[in-house]
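Read top to bottom, the protein sequences are chains E and U.
Here the numbering used here is used: the first residue of the first sequence is 1, the next is one more, and so on.
Here the numbering used here is used: the first residue of the second sequence is 179, the next is one more, and so on.
Everything labelled a hint here was simulated from the structure, so no lab data went into it.
Backbone N, C-alpha and C fix where the C-beta goes; we use that ideal spot for every residue, glycine too.
One or more of the hints may lead you astray.
Said to hold, decoys possible - Restricting the straight-line Cα-Cα distance to at most 25 angstroms, the calculated cross-link-like pairs of lysine-lysine (DSS-like) are: (1) E:K14 <-> U:K192; (2) E:K14 <-> U:K183; (3) U:K286 <-> E:K165; (4) U:K194 <-> E:K10; (5) E:K85 <-> E:K97; (6) E:K10 <-> U:K193; (7) E:K10 <-> U:K183; (8) E:K165 <-> U:K341; (9) U:K193 <-> E:K14; (10) U:K279 <-> E:K165; (11) E:K10 <-> U:K192; (12) E:K14 <-> U:K194.
As the list claims (entries may be wrong) - Some chain E residues well away from chain U (every beta-carbon gap over 12 angstroms; in silico): (13) M31; (14) Y36; (15) P67; (16) F89; (17) N101; (18) G137; (19) A151; (20) L157; (21) G163.
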Amino acid sequence: MREVLVRSIKAQMKIQEMAFMLVAVMIFFGMVALVYFSITLANVRSQAASLGDQEAQALARQMATTPELGLASSTDCANCVDMEKAFAFKDQTDIYKKLWNIDYLMLERVYPASDEKICAAAFEYREQKCNQLVLIGSQPYATKTAFVALAIWDPSLRNGNGGWKYELGKVHVSPKRI
Amino acid sequence: MSSGKSMSRLNAYKKKGQEEMVGFVAIMLVVAIAFLIFLGIYLRKGPSTEVENFEISQFLESSFEVTTDCRLSSTRDPSDMGELIRSCSANSANTCYPSGKEVCDEVKESMMVLIESSWNFNETSPEKGYLFAVKRETNLSDQGIVSFGSSTPPTSNIRSAEKPLPGGIIMYLEIYS
Chain E
1 MREVLVRSIK
11 AQMKIQEMAF
21 MLVAVMIFFG
31 MVALVYFSIT
41 LANVRSQAAS
51 LGDQEAQALA
61 RQMATTPELG
71 LASSTDCANC
81 VDMEKAFAFK
91 DQTDIYKKLW
101 NIDYLMLERV
111 YPASDEKICA
121 AAFEYREQKC
131 NQLVLIGSQP
141 YATKTAFVAL
151 AIWDPSLRNG
161 NGGWKYELGK
171 VHVSPKRI
Chain U
179 MSSGKSMSRL
189 NAYKKKGQEE
199 MVGFVAIMLV
209 VAIAFLIFLG
219 IYLRKGPSTE
229 VENFEISQFL
239 ESSFEVTTDC
249 RLSSTRDPSD
259 MGELIRSCSA
269 NSANTCYPSG
279 KEVCDEVKES
289 MMVLIESSWN
299 FNETSPEKGY
309 LFAVKRETNL
319 SDQGIVSFGS
329 STPPTSNIRS
339 AEKPLPGGII
349 MYLEIYS
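Pulled out of the complex, with its shape left as it was, chain U reads as follows (with noise of 0.2 angstroms):
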């Protein structure tokens, strides 16, 4: 009979012990769920990164000093794409020698040209699309002189670079991936 009731008590406390290991797990599984949940939220994209980038940066560099076909006036050598930059920023009305073609439109084609040459833009390269602007920057705000780009919408990964230049004049291209 006592016999009987130490094995009952034994079985009790067996299970009792069974309980709380299963209760522990159960915990353990909770926070492992809320652990999981949490890093999948913090994993979950953000909003776009913007990365300055080396590349982009010697592109400017370089481009800078392009020469192309406009020149000032009828006496000057063909100028450089620096010299282009300033002399639209300081008048958008000035012309190109002999064509007359508006400077800030020469900035903006020979920049295209360049930009298109020098990366492969479509949907199934790595590069996407691009943004290329010259901007004075005001006390106020960025007074855009020259912006244009491809037709395609920024991506979340942008690689970027500015060159500024004299006068407040910062030259700025975006390329999308």
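The shape of chain E in the complex, shown without the other chains (with noise of 0.2 angstroms):
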């Protein structure tokens, strides 16, 4: 009888630490778990932030391709943006607005350097005392931006001909809020 109560106390202390041990394990293997996947999807944010940023920034990129600010002649630059075109279309962007599925477009001049001010006609941005060109919208809202060459036509170039000067500049682009 006492040998069948000592084994059986043996035996419930074996089932003890068994039942410990396995606790343990799981508990350490569940915190090896819980650093790996908190670094794995600290990775996944910092890339989905970078992509989500670089197709911000091809959107604001793709303004300066489309057929209404676009540069039209194939000998020019292909990703320039028509200012001649941009200052017509100032006050018909309404509808580009649904289309383009933006809230602000601004076109901005880097360089050359001029006053930092919006542009309200073309001669304006022409003597440089603007650099500023607001085409869709008022209020910027987690804008992104793209650098683009702007394009002017400049009637002195190619002996009073006339040509094009390309300046830095950049678009500026938010997306429309949902």
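Mind assembling these two chains? They're in different frames, but the hints should get you there.
What follows is the structure, given as structure tokens:
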């Protein structure tokens, strides 16, 4: 009887040891998995953010290639914004807000330097009295920018026949708010 | 008497069990500490990472088209940056008309203005410094044509892009954050 009791106690101890060990091992592997997935998730988040930024910048850049704004001449720059078209287009942009699914579109001249001001007319832009042309919207929100070349017609080039002069600029785009 | 003996045996078994549990916990602690040390070494910042950057790539594409004040001859219109870079790489002695300034100097000064107009470089801004270079790739190594940058030494976070040009010429810009 005594022996049975001793063996029974021994067995219970063994079972308890095993149970504790299993619980501890499960907790340990749980912690390891937690750390691993948090590191992996952080990498995935930063990749997603980087891809989101690239996509938004691609959208901004895409504005320069639309027929409404892009420079049409095949011999000239393929990714240039035609500022002559942009000024002509300026007052007819309501339908394009829906078509392009954006809330804000602005062209900004970076170089050569000019007054930091929104342009009201093309002559102000030529005389470098302003550097920003707002085409759509008025309130930028979560704006993405992309570098583009801005093409403006210079009648003094090509011995007076006129030609395109290129400046460094940026396209600012705010995607439509959901 | 026999019950006394069985009680002492029971106590002995309990103590043994407790010892084994403590031993197991000690092993788990040692493993956990070793894992944390390994994680710390793994997560420590490694050598500087350079990342191809979309924004800088767009900047190089656009600045390549920018019309400068330099004419390569009296009969020509002001050249764009691409023409100046090709002229500078073909012959470093080429000069601008009518200023007489060397084309390579014009490339350097114009690109410097373009870069510093596009980003704000100082200690408090996200961008700390930059390095711009135009180089020719040869069989043995890269031959530098134009190279300049800010005085800030490179940091561990570098964004860069390059634009290949005809004739094995490469236009390269890196920005340190």
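The hints, checked one at a time:
{"no.": "1", "hint": "E:K14 <-> U:K192", "in the structure": "11 angstroms, holds"}
{"no.": "2", "hint": "E:K14 <-> U:K183", "in the structure": "21 angstroms, holds"}
{"no.": "3", "hint": "U:K286 <-> E:K165", "in the structure": "20 angstroms, holds"}
{"no.": "4", "hint": "U:K194 <-> E:K10", "in the structure": "10 angstroms, holds"}
{"no.": "5", "hint": "E:K85 <-> E:K97", "in the structure": "17 angstroms, holds"}
{"no.": "6", "hint": "E:K10 <-> U:K193", "in the structure": "12 angstroms, holds"}
{"no.": "7", "hint": "E:K10 <-> U:K183", "in the structure": "16 angstroms, holds"}
{"no.": "8", "hint": "E:K165 <-> U:K341", "in the structure": "22 angstroms, holds"}
{"no.": "9", "hint": "U:K193 <-> E:K14", "in the structure": "13 angstroms, holds"}
{"no.": "10", "hint": "U:K279 <-> E:K165", "in the structure": "21 angstroms, holds"}
{"no.": "11", "hint": "E:K10 <-> U:K192", "in the structure": "9 angstroms, holds"}
{"no.": "12", "hint": "E:K14 <-> U:K194", "in the structure": "11 angstroms, holds"}
{"no.": "13", "hint": "M31", "in the structure": "8 angstroms, violated"}
{"no.": "14", "hint": "Y36", "in the structure": "10 angstroms, violated"}
{"no.": "15", "hint": "P67", "in the structure": "19 angstroms, holds"}
{"no.": "16", "hint": "F89", "in the structure": "20 angstroms, holds"}
{"no.": "17", "hint": "N101", "in the structure": "21 angstroms, holds"}
{"no.": "18", "hint": "G137", "in the structure": "22 angstroms, holds"}
{"no.": "19", "hint": "A151", "in the structure": "8 angstroms, violated"}
{"no.": "20", "hint": "L157", "in the structure": "5 angstroms, violated"}
{"no.": "21", "hint": "G163", "in the structure": "6 angstroms, violated"}
Hint compliance for this structure: hints 13, 14, 19, 20, 21 are broken, all remaining hints hold.
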